[in-house]
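Chains as they are written, first to last, in the working numbering: chain P, 1 to 252; chain V, 1001 to 1281; chain S, 2001 to 2323.
Fair warning: there could be bad hints in the mix.
[What the hints assert, rightly or not] What follows is a list of derived Cβ distance ranges for each label pair:
id, chain 1, residue 1, chain 2, residue 2, range
1, P, Met70, V, Arg1271, 31 to 41 Å
2, P, Thr25, S, Arg2036, 35 to 45 Å
3, V, Leu1032, S, Ala2202, 36 to 46 Å
For the record, the hints were derived by calculation from the structure and aren't laboratory data. Predicted model only: the values in this text are computed from it and were never measured. Every residue, glycine too, gets a C-beta built ideally from N, C-alpha and C.
If you want the building blocks of each chain, they are given just below.
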Amino acid sequence: MEGTILRTEDFSAYYNNNQVLKNITFSTPKNLVTALMGPSGCGKTTLIRCVNRMHELIPDAKVSGKMYLMDKDIYSMEPIVLRRKIGMVFQKPNPFPTMNIYNNVIAGYKLNGIKMPRDNSDAIVEQSLKSAGLWNEVKDFLYRKGTFLSGGQQQRLCIARALAMKPEILLLDEPTSALDPKSTAHIEELIVELKKTQTMLLVTHNIAQAARISDYTAFLYLGELIEFGPTEKMFTVPKDRRTEEYLTGKFG
Amino acid sequence: MERQVQFRLIKNGVFKILVVLLAVICLIPLLLILYYITKNGIAVINWDFFTQLPRPIGESGGGIFNSIIGTIILIILSSIISVPFGIATGIYLSENKEGKLPNTARLCVVVLQGTPSIVLGIIAYIWVVVPFKSFSALSGGIALSIMMLPVIIKTTEETLKLIPYNLKEASLALGVPYYRTILKVILPAGINGILTGFLLSVARITGETAPLLFTAFGNQFMNFNFLKPIDSLPYRIFFYAMSPYPEWHAFAWGASFILVIIVLGFNLIARGISAKWKVQF
Amino acid sequence: MIDNHSAHDTKVLCLNRPFGVADTLPEKRFDKLEKRFATILTLSGLVVVILLLAIFLSLLLYSMPAIKTFGIAFFMGRTWDAAASQFGALPFLVGTLLTSFLALLISIPFSMSISIFLGEYFREGAFSTFLKSSIEVLAGIPSVIYGLWGLFVLMPVVRYMEVKMGVPPYGVGIFTSSLILAVMIIPFSASIGREVISLVPADLKEAAYSLGATKYEVIKRIIIPYARSGMIAGILLALGRAIGETMAVTMLIGNSNFIPQSIFSPANTMASVIANEFAEATGITAASLIYVGLILFIVTTIVNIVGNWIIKKIGIEASREIG
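Bound-form chain P, shown alone:
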């Protein structure tokens, strides 16, 4: 596929010798949103965590098969270096409670011990907050703790923090599942806006959300990739019976 950012080949993952991902092969095109969807326990969160190797935090996690980021083997890279190239946004907003908004945005630099001139970091903070659609709301409170923000604002702050590292791909692990409908709509608009310049991989258990904002969709069921293709096509003419049953709400 032209302009592929992330590619997996025969990828499997195991926890305690339980296989939770079975021979997944797919790829995410550049500057588009790819959604991973499926009922809970289907392995979508495991898959997204395997991309930046966060699954390794769980003891006895194993993988087999290949995964490439821009044609580089993810599993032969240093996890630390890999994670700096891949941004991640979690289910629950998790800004650093001891840092102000400014430092939260450049936390990836600060915590990694990267020093830079003030102008430079100012520029990164402003640009990242603007990309995350938060600049106008917080530009006067940059030096206040981020914890007074609403849940939706906090989540956008976390997106800004990930964007500040200029990641090759942004992983969104059910980014709206802890938010109210209004904040959810706001984040969804933001994702659509961001995809002009940013490749994203979105995990969602919300079928409608996948339909609204993704360009490609992968449907996972019991650790298997059942179907992968352009969202529109999958939602209108699903190839697999299980995909159809899921989309029509027969299970899940």
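Please arrange chains V and S on chain P, whose structure you already have, making use of the hints.
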């Protein structure tokens, strides 16, 4: 039936009165102790009491300046030894919830916390006084630092355990190495709890006398040499209280007043910190 | 130092490339620090274990001369005479047992009352906060100050009482020490008691109330049976505290190395004899005192492990029932 219910209600009332009464009686010794310390303590406290050295019996005046300085030196010495180990062990235990070594270490912390302070005095005597052939501030500091250790370890572990896992994830996902995540994200988030634990441990050792009897010993002069005996407030109180001289008894009360204020002060600050500096998640 | 250096390395590169700096970071150096950090943490976990072992072995080693000379008969020996190099620890065992158990006996009604008061009758409110803070202050007062107060306030009262009762009016002795010890250990068993009482599930109590039980009956038939093992653990831990408590007892027990004739006699506990004699002791006397210290260490260790084991078990059971 009526009478049986009435009897039960009376029993209920009597029991409640008894519980309240016994609970309130416990306050009496506290009030009496605080009353006597304040009354007898304030009577001898003046500027000289804080700034002069003890004088031999027969000479009036003098103070406990060396004991106050000695107590401060002992606190600093034992903190320097126990804080780094305590926090490191606390981190280790909070990061390793299961496993043979963590569980053994946890049991050791419990045992250490319950070990009588006089036994730790013997240990510091064996480890430091015997090889250096002299009572010393250092040996006192070692004994006290072993007393601080379990408190610091426990509070650090408990505090760090309560920090949400998603903070750690947030940091690691940014490519921050594990050690930096712990030092720059997790520790700062738990700083109030750790500080509280530290202050509580200081409060615990400030009033300790038993482990100092044959380690730091006592010294009626000012001393800044770690390898020589050093005075402390609790030792001075003991020394004066057990003496046959009423003038010294009065000084013991004065020193007790200061000691109680310091110890309660540490406890109060510790509480204030845990309430005020709470990090919001 | 190393960190600053690496930061400096990347600074220059950052100027041209503010974004996407991942490649420029010295990963190998981080890797090394990562390993060193993990090693330090594991070592500090090990330190506590080694520390405790070292304490035990040091006590054992330095009491060896006494263990070899007197053996187990040490605990049956009734004489403690440094001049004759004859050492038997029975007087101190008796002294410790008498003071601790007497203190426990005196403190139990009070600590139980506070536990019930704070755990059931008044869980919140100004008065319970006041009582709770007062108990904490009581726990915070240094032992030596309890001793001072006991010596100059409590002792004259006991002596007056002894005169009235017609026993030898020493003033100091086992009874006086036990009174002070009782006050000192109340906070420990009370705070544990309060916690286990507040762990009693509300639905159990509600069930009893709905059957028409009075508060007293609920406490007696539901709360106390449910919280019993926890309260026993609290009492056990308080006992450990009382056995090891040194200063106040040293000042009030009268420093007598003979087996006490009554609870008003002067005596010595294991802890107080060490406090009184160790600073001047040498040779076999010092070894005998360390032997006493070793026994003290072993006894308090066992008491603490059992007490904490019970509390942990209760905590797990309670969480299982809630969950």
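Taking the hints in turn, this is what the structure says about them:
1. The hinted window of 31 to 41 Å between methionine 70 of chain P and arginine 1271 of chain V is violated, with their beta carbons roughly 54 Å apart.
2. For the pair threonine 25 of chain P and arginine 2036 of chain S, the supplied restraint of 35 to 45 Å holds, since their beta-carbon distance comes to about 40 Å.
3. Hint check: leucine 1032 of chain V to alanine 2202 of chain S, Cβ distance near 38 Å, so the stated range 36 to 46 Å holds.
Hint 1 from the earlier list is the only one contradicted by this structure; the remaining hints agree with it.
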